[in-house]
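S.K.: Spelled out, the chains give:
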Amino acid sequence: MSPTEVLIQQLLNGLTIGAYLALIALGYTMVYGIIELINFAHGDLFTFGFLISLSLFRLYGATGTLVGFELVWLFTTVLLLTMLLTGILNVVIDRIAYKPLRKAPRLAPLITAVGMSFALENIFANWYGSSQINYPDFFPRIDILREWFQMDTYILFTTQDLLLVGVTIPLMIGLRFFIQRTKLGKAMRASAQNANAAAIMGINVERVIMITFFIGGALAGAAGMIFGNFLHTGRYLMGFDAGLFAFTAAVFGGIGNITGAMLGGLIIGLIKAFSDQYLAAQWTRAVIFAILILVLVFRPQGLLGQGEAEKA
Amino acid sequence: MSSHMLELQNVHSFYGHIHALKGVSLHVDQGEIVTLIGSNGAGKSTTIRTISGLLHPRRGTVTLEGQSIAGLPAHQVAGLGVGQAPEGRWIFPKLTVLENLEMGAFSRKDTDGIADDLEYAFSLFPRLKERLNQQGGTLSGGEQQMLAIGRALMARPRLLLLDEPSMGLAPMLVELIFDTVASINRQGMTILLVEQNALMALQVAHRGYVLQTGEIVLGGDAKELQTNEQVRKAYLGEE
Ligand SMILES: Nc1ncnc2c1ncn2[C@@H]1O[C@H](COP(=O)(O)OP(=O)(O)OP(=O)(O)O)[C@@H](O)[C@H]1O
Ligand SMILES: [Mg+2]
Chain A
0 MSPTEVLIQQ
10 LLNGLTIGAY
20 LALIALGYTM
30 VYGIIELINF
40 AHGDLFTFGF
50 LISLSLFRLY
60 GATGTLVGFE
70 LVWLFTTVLL
80 LTMLLTGILN
90 VVIDRIAYKP
100 LRKAPRLAPL
110 ITAVGMSFAL
120 ENIFANWYGS
130 SQINYPDFFP
140 RIDILREWFQ
150 MDTYILFTTQ
160 DLLLVGVTIP
170 LMIGLRFFIQ
180 RTKLGKAMRA
190 SAQNANAAAI
200 MGINVERVIM
210 ITFFIGGALA
220 GAAGMIFGNF
230 LHTGRYLMGF
240 DAGLFAFTAA
250 VFGGIGNITG
260 AMLGGLIIGL
270 IKAFSDQYLA
280 AQWTRAVIFA
290 ILILVLVFRP
300 QGLLGQGEAE
310 KA
Chain B
0 MSSHMLELQN
10 VHSFYGHIHA
20 LKGVSLHVDQ
30 GEIVTLIGSN
40 GAGKSTTIRT
50 ISGLLHPRRG
60 TVTLEGQSIA
70 GLPAHQVAGL
80 GVGQAPEGRW
90 IFPKLTVLEN
100 LEMGAFSRKD
110 TDGIADDLEY
120 AFSLFPRLKE
130 RLNQQGGTLS
140 GGEQQMLAIG
150 RALMARPRLL
160 LLDEPSMGLA
170 PMLVELIFDT
180 VASINRQGMT
190 ILLVEQNALM
200 ALQVAHRGYV
210 LQTGEIVLGG
220 DAKELQTNEQ
230 VRKAYLGEE
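If you're matching them up, the sequences are chains A and B in order. The first sequence begins at 0 in numbering that gives the first Met the number 0 and counts up one residue at a time. The second sequence begins at 0 in numbering that gives the first Met the number 0 and counts up one residue at a time.
Wrong hints could be hidden among the right ones.
Subject to a maximum C-alpha distance of 25 Å in a straight line, what follows is the list of computed DSS-like cross-link-like pairs (lysine-lysine) [claimed, not checked]: (1) LYS108/B / LYS128/B; (2) LYS128/B / LYS93/B; (3) LYS182/A / LYS93/B; (4) LYS232/B / LYS21/B; (5) LYS128/B / LYS182/A; (6) LYS108/B / LYS182/A; (7) LYS222/B / LYS232/B.
Source of the hints: derived by calculation from the structure; they are not laboratory data. These figures come from a predicted structure and were not determined experimentally.
Using the sequences and the accompanying hints, generate a full structural model.
M.R.: Right, here's the structure in full:
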């Protein structure tokens, strides 16, 4: 592989990693935008998406690569069910753990979220064991550049990368449309900016919060399933790293800011890819942490954040 | 059953241990402008919050056309037809003027009616139409007040609560706001108007109440209150 090819390869890797990180980051940022809670359990929803989608495939009896019509309908069904179930799980978590603390000092739900994360991780460990889990190639893996375009290159871009981009980008576009254009999306932004003002407009803010948790969960669930079909391995603790990276992405973009989360996801994805390649994979976590600290110290409002009063 | 549009009977409201309303009773009838005057910290905004459900009274009753609304969450009270332009305006800073107005009509489904009321709001405040796609947070104080009133009207409420609409505005704008309040009322809107500008408020209102440290100390015809010794001394700045 020539240096240029390595560079292009890492750019591609960065963008694909960034795409699923962005999906997770959105959940952090949306929930923060509306109730100012850093949902530490959010990364575990990503794990849940990974595990539940695998269970759903197994439940159907799928063991290997799917083809044709079965590929299309089964994959779509599992994706939708995964999003639905992960969204519901997030709503349930909010109801039992955070909602009773809505008027408590901010530290209370924060610590509860940390506890919720541990609880989920232990449930996952009991459910799937604590060793590495293999996620089969349900989605066919074809080397696009060489097999479809007969290009003579070492750069690898497969149909699974395409799947990742093909699921995450439309979800993000859809979310943006929902937030910007629909009445409910506007109510969500209004509630984030001034919950009391929203309430006297007739907006049921608790319902808006529920929908926010649902959407955030559904996106993390989708990310978990797509990740499985892309990297094929995971573990009950996988949500910790993914959550850390995605949280950094959300802070980087400006916590509470939707566009910021997407942008932050892509940037952190690229940084991770380049750090993996040019430093060493074991340094990546330290690099990401360092970035998180630098952002918090020098630009706590992030790239696109504008300070406390102006969220979402 | 009471025939009043709004009635508060012996309402007590608290912020934690602070006893902010100590047995407030008042009523507003269909088609009236009733003003609630009183000095800083008297409990005027607390009364408004207690009506709109942002604060729940610990004792007493609040009824809207005979139906009890005390204890209902704010969004349900709004859904029953109580519109509000709150103290401090509470404009959504990152929503455009149009989006702010749309949020006012959140509970409504009648697209045609909403379009009519949007035109009505623009006819009251042409400035809003010029600023349609500007973010709420970038408006001037006066424009924000226009938006707050326009937004409250977008719900086509049965009862409109206005909390110090003239606060911090230049004299010209104060005139405009009071003229608008009178004009909205002539179209049939029932209004409870909280004001520190007692002189203007009593001129535009039909009746008034004077609130002092959480208690109604005086109430009656606005004309009479204007000539009342006590009111003139305390609130109209006369010796
Ligand atoms: N959120 C709060 N927490 C604690 N006390 C409050 C709160 N809001 C108001 N109070 C207290 O309740 C009392 C009534 O306040 P309120 O805001 O109703 O007064 P107001 O008549 O509207 O005054 P102003 O003309 O200054 O707006 C005051 O003593 C005030 O300090
Ligand atoms: Mg007040």
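S.K.: Sort out whether LYS182/A lies within 25 Å of LYS108/B, counting only the CA atoms.
M.R.: holds, 11 Å
S.K.: Checking one constraint from the list: CA of LYS222/B to CA of LYS232/B, max 25 Å. Satisfied?
M.R.: OK: LYS222/B and LYS232/B at ~16 Å, within 25 Å.
S.K.: Check the hint pairing LYS128/B with LYS93/B against an upper bound of 25 Å on the C-alpha distance.
M.R.: With Cα atoms ~17 Å apart, LYS128/B and LYS93/B stay inside 25 Å; holds.
S.K.: Does the alpha-carbon distance linking LYS108/B and LYS128/B stay inside the 25 Å limit?
M.R.: holds, 22 Å
S.K.: Just to be careful, I want the Cα atoms of LYS182/A and LYS93/B compared with a cutoff of 25 Å; is the pair within it?
M.R.: Between LYS182/A and LYS93/B the Cα gap is close to 15 Å, so the pair holds against 25 Å.
S.K.: Does LYS182/A lie within 25 Å of LYS128/B when you go C-alpha to C-alpha?
M.R.: holds, 20 Å
S.K.: Given the hinted pair LYS232/B and LYS21/B, is their alpha-carbon gap at most 25 Å?
M.R.: holds, 24 Å
The structure fails none of the hints (numbered hints given earlier).
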